[in-house]
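There are 2 protein chains.
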Amino acid sequence: MPTIVVDVMPKSELLDPQGKAVSGAFARLGVEGFSDVRIGKRFELTVDGEVTDAVLAEVKKLADDVLSNAVIEDVVGIEVVQ
Amino acid sequence: MPTIVVDVMPKSELLDPQGKAVSGAFARLGVEGFSDVRIGKRFELTVDGEVTDAVLAEVKKLADDVLSNAVIEDVVGIEVVQ
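Here the protein sequences come in this chain order: L and P. Throughout the first sequence, residue numbering follows our numbering, covering 8 to 89 in sequence. Throughout the second sequence, residue numbering follows our numbering, covering 8 to 89 in sequence.
Think of the hints as simulated: they come from the structure by calculation, not from any bench. Note that the coordinates shown come from a computational prediction; the quantities given were computed from them, not determined experimentally.
Note that identical chains are pooled: a pair holds if it fits in a single copy or bridges any two copies.
No farther apart than 20 Å at their CA atoms in a straight line, the calculated lysine to aspartate or glutamate pairs in the EDC-like style are these:
no., residue 1, residue 2
1, Lys68, Asp43
2, Lys48, Glu80
3, Lys18, Asp71
4, Lys48, Asp81
5, Lys67, Asp43
6, Lys27, Asp72
7, Lys48, Asp71
8, Lys67, Glu39
9, Lys48, Asp23
10, Lys48, Glu86
11, Lys68, Glu39
12, Lys27, Asp71
13, Lys27, Asp55
Please build the complete structure, drawing on both the sequences and the hints.
Shown next, in the form of structure tokens:
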């Protein structure tokens, strides 16, 4: 069955404490070469049946209304896989 | 500056309580047509300088050792963007 992937990231102008924690871990581990780490969410929605334009439109609406919080997050990608 | 995206998902054989919560919300909202929802993490690593094979190899190692927990999660994608 096809899967639709929705990617949600914290808005770039907001601090991302989880990402900062990973950056700090990199520094402690001696890992260099990465100036920033940000952590968002990846949703995989398994679709019953075919991915039509109507299904994609519904996923876009769900991504904006249910899967993300528009105050602090951006939907950065909606992609059909398989 | 180039960004490397690392996608981490809960292993398919494990229950994903966050995903189940979203499935439940869909049901309550009357949203139909999705048989499963799973939620993972999307890491965006901003790279200082160029993405060489050595940088990619390091990211692969970091993805396995630091960014994911191999007991419960799989690294499902490593991709260079921009």
